[in-house]
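Chemist: Those protein sequences? They're chains Z and C, same order as listed.
For my numbering, count along the first sequence from 1 and bump the result up by 47.
For my numbering, count along the second sequence from 1 and bump the result up by 118.
What the hints contain is simulated information worked out from the structure, not anything from laboratory work.
Every value quoted in this text rests on a predicted model; they were computed, and no experiment measured them.
Careful, some of the hints might be misleading.
[Claimed, not checked] One-sided and incomplete, this derived list gives chain Z residues near chain C with beta-carbon spacing under 10 Å:
1) Asn107
2) His149
3) Tyr158
4) His166
5) Ala169
6) Ala175
7) Leu206
[What the hints assert, rightly or not] To give an idea of the chain Z side of the interface with chain C (calculated C-beta under 7 Å), a few residues:
8) Pro170
9) Ala365
10) Glu366
11) Phe372
12) Ala373
13) Gly375
Note that CB positions come from ideal geometry on N, CA and C, so glycine has one too.
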Amino acid sequence: MNLSDNQVNVLMRNLIRARHFDEMMVRRMMQGRLIGFYHPAEGHLAPGVGACSFLNRDDNMNPHHRGHGMPHMLSKNIPMHTYLAEHTGKATGCCEGRSAFHFSFPDDKVYQMSGFIGHNFAPSVGWAWAAKRRGQGQVVMNCSGDGSYGQGRAHEAMLMAANWKLPMVFLCENNGMSIFASASEMHPTENVSSLASGFDMPAVVVDGQDVFAVAEAVLEAIERARTGGGPTFVEAKCLRFREHDIGTPDLEGWEDRSDEALAHMREREPVRVATERVLAEGLMTQDQIDALNEEALAEVADVEAFADESPIARPPVAELEAAVFAGGSSS
Amino acid sequence: MSRTITLIEAIKEAFQDEMRRDEDVFLVGQDVRGGIFPHTKGLVEEFGPDRILDTPIAESGMYGVAMGAAQEGLRPIVDFMFGGFSYVTFSEATVSTGQYYFLHGSQRPLPLVMTAGVGTGQRLANDHAMSIHGTFAHHPGLKVAMPSTPYDAKGLFKAAIRDDNPVVIPWHMGIMMERGEVPEDDYVVPLGKADVKRVGSDVTVLANSLQLKHALGVAEKLDGELSVEVIDPRSFVPFDLETVLTSLEKTNRLVVVDEDWESGGFAATVSARVMEQGFDLLDAPVLRVTLPNIPVPGGYMEEYVAPNPERIEAAIREVCA
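If we strip away everything but chain Z, and leave its shape as in the complex, we get (with noise of 0.2 Å):
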């Protein structure tokens, strides 16, 4: 593979950790200590860790809603303490506890995580009109499913960004479902990357199970994004495990997935896929992978101890409405 040793390690303890933390979500969604609700990420984990994990801090980054965007955001170094203490309620949240899901890390670029599915696509544009105006280089990664190609901002974000050669990159994180349709009967062509070619940009189709296969094809849109080459859609065909979000039924259409296709799936778990390639191409032995797996598992034991110690955020009605508007003036 076209990845240095270090990139593979840094990619392989970001699927590792990925996966604890999505495992930690769905059991505290499950036990009742997660607010609202939670769309686990189990199989849809490489693409999110492939596109976010060689960002600059000052790229900006718009992540999937499929777990809860945690897959980019721990990926592009945003602390997860105050990830998970914002989806517990609490104070000492990245929103003081306010936006339960609705994440903001300003200073990480990642500025929201809109529960509007497309609503990533206008704004994107705007932060990529912006890199280019200063021109220091940065670019947009902006990361969403299939579903939300549906939506007329997507198509209208893609036109800005071609017209005006904008330091973007579309991932297309395509597991082939929306809550229970399938992409292939809310697309008309086999490939959602088909609509790139509409508007001259280049598109290209990764095995979104291969964290390091996604890595590649990002990194190369990156370059060209950084070098003013304008953007590239990078479609990452991936699967989905489990139901869309804990608690609804695993439908595909209005009948259950059956358990004989999800089995198969399962034979493609991502840090499955990622082991067995770096073992067989000798770029990793089991034991640093075991080591990745407890330095995993106990950075999440203490973003849970932090969340968990952390004070509910209920702070009186007069402190939020003064917090409605910068300067604090009143309706």
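Please arrange chain C on chain Z, whose structure you already have, making use of the hints.
Modeler: Positioned in the frame of chain Z, the structure of chain C alone reads:
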């Protein structure tokens, strides 16, 4: 130094002043370079196409340039052309923008100005004639203002551009060519300050923009018979209720004129707040002069729905009866 210019020229001056003062200010819209309305005409020659930015007819993408750039620390003005067109990117312009600061723990402000031509009088109907101030004022996190005079236009737009919050500031097409004294020097009209445009003692009329012009005309006509105080709210959010209550201490009667639909409109909010906070000041129920709840028709039927001097006079007489 002060001279007489039109309201639309005053808006253009505000843009020019603020863009000269602050490199981060830029304008984004559709056909703003060519100047589909006069307030943007010629700006591209001074500021260039990177600061007077035309986008495809893609309102969400266009709005996204402004919103994303504001998150990146720039200070965009986004021009919807006609107010109704803001509805094409309504979720971004209201929910995403208004909640941005608050929901995210008040970490980063979102300095952004939205503007557009609005209002009846051109017989354009519906999407080209509707007002937007009331609808935007409904959504928390957005400041909303509208100028009635060239002086206020320049001062309010400058205040809006300098404000760290999202500000919606439409202007009424029916008064765009009204002339008035405007200083060449720098000044702002602060957001959230109403202005008593005419002093009176029998009844208070709250009116803005084209309807303020109508109200002042009616007040003049009734002079000697009824003494009408006319207040221009200038800002809808924040709203200067204090100035209205102070006026009511003298007049005890209120007519709210608002070029918006009656249901859920700004006039209803004012009426409710006056009842809640100034009930003892009232000698008569607050009356509203608004658009009835039917879509704004085009052609000659527009005059059936738009507030006008006759309806304002009738309301004044009724509240004073």
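Chemist: It remains to establish, for every hint, whether it holds in the given structure.
Modeler: To see whether the hints hold, each was checked on the structure:
{"no.": "1", "hint": "Asn107", "result": "holds, 8 Å"}
{"no.": "2", "hint": "His149", "result": "holds, 6 Å"}
{"no.": "3", "hint": "Tyr158", "result": "holds, 5 Å"}
{"no.": "4", "hint": "His166", "result": "holds, 6 Å"}
{"no.": "5", "hint": "Ala169", "result": "holds, 2 Å"}
{"no.": "6", "hint": "Ala175", "result": "holds, 8 Å"}
{"no.": "7", "hint": "Leu206", "result": "holds, 6 Å"}
{"no.": "8", "hint": "Pro170", "result": "holds, 4 Å"}
{"no.": "9", "hint": "Ala365", "result": "violated, 14 Å"}
{"no.": "10", "hint": "Glu366", "result": "violated, 10 Å"}
{"no.": "11", "hint": "Phe372", "result": "holds, 5 Å"}
{"no.": "12", "hint": "Ala373", "result": "holds, 4 Å"}
{"no.": "13", "hint": "Gly375", "result": "violated, 9 Å"}
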